[in-house]
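Visitor: Produce the entire structure from the sequences given, and follow the hints as far as they go.
From first to last, the protein sequence lines are chains A and B.
Residue numbering for the first sequence follows numbering that gives the first Met the number 0, beginning at 0 and increasing consecutively.
Residue numbering for the second sequence follows numbering that gives the first Met the number 0, beginning at 0 and increasing consecutively.
Keep in mind that a hint or two might mislead.
[Stated by the list, open to error] Pairwise CB distance ranges (calculated): (1) G346/A x Q124/B: 30 to 38 Å; (2) S136/B x A275/A: 34 to 42 Å; (3) C30/A x E50/B: 52 to 60 Å; (4) A434/B x V32/A: 26 to 34 Å; (5) D235/A x G242/B: 22 to 30 Å; (6) T42/A x G119/B: 48 to 56 Å; (7) G387/B x A421/A: 46 to 54 Å; (8) T3/B x P74/A: 52 to 60 Å.
It should be emphasised that the hints constitute simulated quantities derived from the structure, not laboratory data.
All figures in this text were calculated on a predicted structure; none of them were measured in a lab.
Here a beta-carbon is modelled for each residue, glycine too, at the ideal position from N, C-alpha and C.
Chain residues, written in single-letter form:
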Amino acid sequence: MTPTSATLESNFRAVLGADQIRPATPADTVCGVQPQLALEPSTEQQLAEALGLANESKLAVLPRGGGTKLGWGNPPSRADVILSTARLNKVIEHAWADLTATVEAGCTIKALQETLAQHGQRLALDPLWPERATIGGILSTNDSGALRLRFGALRDLIIGVTIALPDGTLARSGGKVVKNVAGYDLPKLVTGALGTVGVITRAVFRLHPLPHHTRSFTISVSSPQEAQELILTIQDSKLAHVALQSHLCQETPPSIDILFEGTEAGLDAQAARLRALCQSAKFAQSSPAVWNARQELWSHSDSQHAPVAQVGPESRRTVSLAAFSFAIAKISALPADLAHTVGLIRGTADSSHLHWKSLMYATGLGWLALEGPANNLHRALSSLRSGLEQRQGSLVLLHRPAGLPTFDAWGSPGDSLPLMKAVRSRLDPFHTLNPSRFLYGL
Amino acid sequence: MMNTSILDEFRSIVGDHGVISSPEELHTYECDGLTNFRVLPRAVLLPSSTEQVQAILRVSHREKIPFVARGSGTGLSGGALPVENGIVLSLARMNRILEVDIPNARVVVEPGVINLDVTGRVQPQEYFYAPDPSSQSVCSIGGNVAENSGGAHCLKYGFTTTHVLGLEVVLPDGSLVHLGGKTLDTPGYDLTGVFVGSEGTLGVATKIILRIVKRPECVRTLLAAFPSTNEAGAAVSGIIALGMLPAAIEMMDNLAIQAAEAAVHANYPDCGGLLLVELDGPLAEVEALMTQVDEICRSNGAWEIRVAQSEAERALVWKGRKAAFAAVGRISPNYLVQDGVIPRTALPQVMSEIERLSKKNGLRVANVFHAGDGNLHPLVLYDRRIPGQEEAALALSMKILELCIAAGGSITGEHGVGEEKKCMMSKMFAEPDLATMQRVRCAFDPMQLSNPTKVFPTPRLCGEKPGEYVPHPLESAGLAERF
Ligand SMILES: Cc1cc2nc3c(=O)[nH]c(=O)nc-3n(C[C@H](O)[C@H](O)[C@H](O)COP(=O)(O)OP(=O)(O)OC[C@H]3O[C@@H](n4cnc5c(N)ncnc54)[C@H](O)[C@@H]3O)c2cc1C
Numbered sequence: 000m001t002p003t004s005a006t007l008e009s010n011f012r013a014v015l016g017a018d019q020i021r022p023a024t025p026a027d028t029v030c031g032v033q034p035q036l037a038l039e040p041s042t043e044q045q046l047a048e049a050l051g052l053a054n055e056s057k058l059a060v061l062p063r064g065g066g067t068k069l070g071w072g073n074p075p076s077r078a079d080v081i082l083s084t085a086r087l088n089k090v091i092e093h094a095w096a097d098l099t100a101t102v103e104a105g106c107t108i109k110a111l112q113e114t115l116a117q118h119g120q121r122l123a124l125d126p127l128w129p130e131r132a133t134i135g136g137i138l139s140t141n142d143s144g145a146l147r148l149r150f151g152a153l154r155d156l157i158i159g160v161t162i163a164l165p166d167g168t169l170a171r172s173g174g175k176v177v178k179n180v181a182g183y184d185l186p187k188l189v190t191g192a193l194g195t196v197g198v199i200t201r202a203v204f205r206l207h208p209l210p211h212h213t214r215s216f217t218i219s220v221s222s223p224q225e226a227q228e229l230i231l232t233i234q235d236s237k238l239a240h241v242a243l244q245s246h247l248c249q250e251t252p253p254s255i256d257i258l259f260e261g262t263e264a265g266l267d268a269q270a271a272r273l274r275a276l277c278q279s280a281k282f283a284q285s286s287p288a289v290w291n292a293r294q295e296l297w298s299h300s301d302s303q304h305a306p307v308a309q310v311g312p313e314s315r316r317t318v319s320l321a322a323f324s325f326a327i328a329k330i331s332a333l334p335a336d337l338a339h340t341v342g343l344i345r346g347t348a349d350s351s352h353l354h355w356k357s358l359m360y361a362t363g364l365g366w367l368a369l370e371g372p373a374n375n376l377h378r379a380l381s382s383l384r385s386g387l388e389q390r391q392g393s394l395v396l397l398h399r400p401a402g403l404p405t406f407d408a409w410g411s412p413g414d415s416l417p418l419m420k421a422v423r424s425r426l427d428p429f430h431t432l433n434p435s436r437f438l439y440g441l
Numbered sequence: 000m001m002n003t004s005i006l007d008e009f010r011s012i013v014g015d016h017g018v019i020s021s022p023e024e025l026h027t028y029e030c031d032g033l034t035n036f037r038v039l040p041r042a043v044l045l046p047s048s049t050e051q052v053q054a055i056l057r058v059s060h061r062e063k064i065p066f067v068a069r070g071s072g073t074g075l076s077g078g079a080l081p082v083e084n085g086i087v088l089s090l091a092r093m094n095r096i097l098e099v100d101i102p103n104a105r106v107v108v109e110p111g112v113i114n115l116d117v118t119g120r121v122q123p124q125e126y127f128y129a130p131d132p133s134s135q136s137v138c139s140i141g142g143n144v145a146e147n148s149g150g151a152h153c154l155k156y157g158f159t160t161t162h163v164l165g166l167e168v169v170l171p172d173g174s175l176v177h178l179g180g181k182t183l184d185t186p187g188y189d190l191t192g193v194f195v196g197s198e199g200t201l202g203v204a205t206k207i208i209l210r211i212v213k214r215p216e217c218v219r220t221l222l223a224a225f226p227s228t229n230e231a232g233a234a235v236s237g238i239i240a241l242g243m244l245p246a247a248i249e250m251m252d253n254l255a256i257q258a259a260e261a262a263v264h265a266n267y268p269d270c271g272g273l274l275l276v277e278l279d280g281p282l283a284e285v286e287a288l289m290t291q292v293d294e295i296c297r298s299n300g301a302w303e304i305r306v307a308q309s310e311a312e313r314a315l316v317w318k319g320r321k322a323a324f325a326a327v328g329r330i331s332p333n334y335l336v337q338d339g340v341i342p343r344t345a346l347p348q349v350m351s352e353i354e355r356l357s358k359k360n361g362l363r364v365a366n367v368f369h370a371g372d373g374n375l376h377p378l379v380l381y382d383r384r385i386p387g388q389e390e391a392a393l394a395l396s397m398k399i400l401e402l403c404i405a406a407g408g409s410i411t412g413e414h415g416v417g418e419e420k421k422c423m424m425s426k427m428f429a430e431p432d433l434a435t436m437q438r439v440r441c442a443f444d445p446m447q448l449s450n451p452t453k454v455f456p457t458p459r460l461c462g463e464k465p466g467e468y469v470p471h472p473l474e475s476a477g478l479a480e481r482f
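Guide: Given below as structure tokens:
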């Protein structure tokens, strides 16, 4: 029997003020599961203590930052308490001369970037929805965009972390300096762990300077094969580009965007070299807006009044979107498998009568939007996943449409699953945090 | 305890030639690059395949025999120091480069492969393996993974952990796991990230997937002479403030310069603070930035600036820098080497504090830094023949680490905690921090068999002190230098 929210509330009054506890509302629902209470601690200690209390009472806790990616992962098997980091939103320190920053987990990316920009610096990462997404959220979901090619992922940018463990321990690992090998690298453990080993309360990052000048170009090519060849040529060249992505979709021929940062003189020279590499391919300077492409994949799913969609190449009839479901998956493949991956997507989508659109990075990571009847989506996602896994890749479902039959969001971690389970149970033995949301019930 | 029947069992796994158990031969393995700690293992095993490693660990697990993996034994913190009555697993025979995949910029190696051989293999296609510890001509990739080794060029390119995408690991119970992979963001926890830098305490890496990097179009190296390390430090801040990310920024103080000059005649200017700045990338970019670096150095008081005009000049500049450590042997009979990190801005304050301590104790300290990332390598000079001086040098060396901690830094930037600094861990971390790391360790190694006595402080050993620095034979031979 679950205690009523009133008893629960009185439990938490031991560590939180009345204004930090409220009954959960339907707006707090996560993947259709409705928690009872929402907690908003304002210090790390409060958060750890509240978490400790919940753990003692065997309550399930869902940590929440900006709430932009709560739909990612599998639905929670239980949900009692939302633990929000909204009040932990300060940039604690910007040591600009040391190129580091310490920031609380609930701070939004935008707020952080604005602070850093005052000294001409940035967290060299382009995550989704920066106005609302928080540090804790992007870390837990390991979100990264096109800049990853040059600056690495969050795992390469985070240098220190503080986490609250379910037993109420507040533990620090890493530090405030860029170079540090003392102790285990737990910042990497929590990055991408979807909040299942602890709640991130603060993080320390290494920073990069904002670029003096940037320039983007778009190159049109005629086929995925040609896109792959050009991308591999660029990657194998001595160009110092910071991002490289290709748009591959059903209707239009592929195009490739490339981003340079540097001095004016340097950019001129790079542009000239790029032009030489591209040979006959159509080549034009483009607006920085091309780098919003990843986020635009989602705009479709958010809009109630989305335009009509086209389904299946052979059945080119227009249908109202309402009849369709929309899914977004993150794909990982070897960079030199681009054309093969696109072939796999096309074949699967066509045979399932799905509309598709994708954005692939030169790192081998990509984002795929699929649209069509929910059952067909399920079939296509399963077959795509197995196709990718056969070539050492993976598929993670991010946006899950309503009505999609049960589909594991993550895919297989292979023979390391028992070890991952052991790690989890050492840190969160009762599965207090985000129960069942991570892979294979982790 | 290990009896002869267990030794026979090991022989049946790795063959007679894969087992070393006679005391004379075991001496080779009694220490690593930190030569003042020595322990004789019960046996050294030399497996040549993952299956053999698994079979060995199944036996040691069953018999509760602790083990220590060993690469090339160049570690400087006692990481590969054997455990009494335990076995050493030398990975030296597992030294094949298994796969070179240029289009995907991946190389798959066995752990015994020597760091520089990876670059050697991809050099024709103009790629390189970026992490460049100065021991790179001898240290193994397995050791690099365990230590998360760095090098001068890690400022721009990142440490070992940035370049390891996946691992095959034999866990302490003999089971095999694959962490990460050739593609990015494999599902599940980033246990690759946890394993790298775990100093051999989580199992044995038997296969490593590395990322390689394309060589930049051009490289330029500048040498600037300043009145003191303070002005040189201010120039470094100026360079960073302008938004540059050089490939390397190295600094030496006067004592280190004198030593380097005595050893390799790098033709360094005799100054209080020497800066070495290397930029790489596209030609036009590098040239534009080099002009700015030149200006910043001058405006911070550099009285001599040289840009290496040829590959030979560049090599000489680096040779002097790399020789600095071993070279200290020319100006002092004994010395200790330390590895600490501070936020770069704390440099003037920490330097003056080191100077104060040095005067107070009557001991000279030479300083060599990876200035870009605040990694200090203070060398405490002493003469063992003078009673009490060794102890004073040890105490001073630990004091310097405390300064690093107080400045918000770390007790190790690249050499690891190992045996040497485990007692300093409780000064850097609080009990709950260490306990959390222990929980992770227990998930990998519940019986604590894998390099069990390292990294974490134990009361029994906490009274012990680290010891004098003895140059590694390679260093004396001029084949490698320590940073
Ligand atoms: C002259 C000199 C210069 C140096 N310069 C640098 C430098 O610039 N930067 C730097 O970072 N370091 C430097 N070092 C330190 C040392 O070279 C590095 O730590 C190196 O990575 C150690 O590699 P190794 O193969 O010798 O490992 P070892 O010393 O044999 O072992 C080191 C640790 O790794 C573990 N280990 C080894 N193989 C495996 C495996 N397969 N699986 C799991 N654990 C394993 C061991 O148990 C031990 O804990 C220098 C050392 C010397 C002597």
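Visitor: Check the following: the C-beta atoms of A434/B and V32/A are separated by a distance inside 26 to 34 Å.
Guide: holds, 32 Å
Visitor: Does the Cβ-Cβ separation between D235/A and G242/B fall within 22 to 30 Å?
Guide: holds, 28 Å
Visitor: Given the hint of 48 to 56 Å, check if T42/A and G119/B actually sit that far apart at their C-beta atoms.
Guide: Taking Cβ atoms as reference, T42/A and G119/B lie about 53 Å apart, which means the hint holds.
Visitor: Within 52 to 60 Å: is that where the Cβ-Cβ distance between C30/A and E50/B falls?
Guide: Check failed, 43 Å falls outside 52 to 60 Å.
Visitor: Holds or violated: 52 to 60 Å for the Cβ distance of T3/B and P74/A?
Guide: holds, 58 Å
Visitor: Look at the Cβ atoms of G346/A and Q124/B and judge whether their distance stays inside 30 to 38 Å.
Guide: holds, 33 Å
Visitor: Taking 46 to 54 Å as the hint, is the beta-carbon distance of G387/B and A421/A inside that range?
Guide: Taking Cβ atoms as reference, G387/B and A421/A lie about 49 Å apart, which means the hint holds.
Visitor: Within 34 to 42 Å: is that where the Cβ-Cβ distance between S136/B and A275/A falls?
Guide: holds, 37 Å
The structure fails hint 3 only (numbered hints given earlier).
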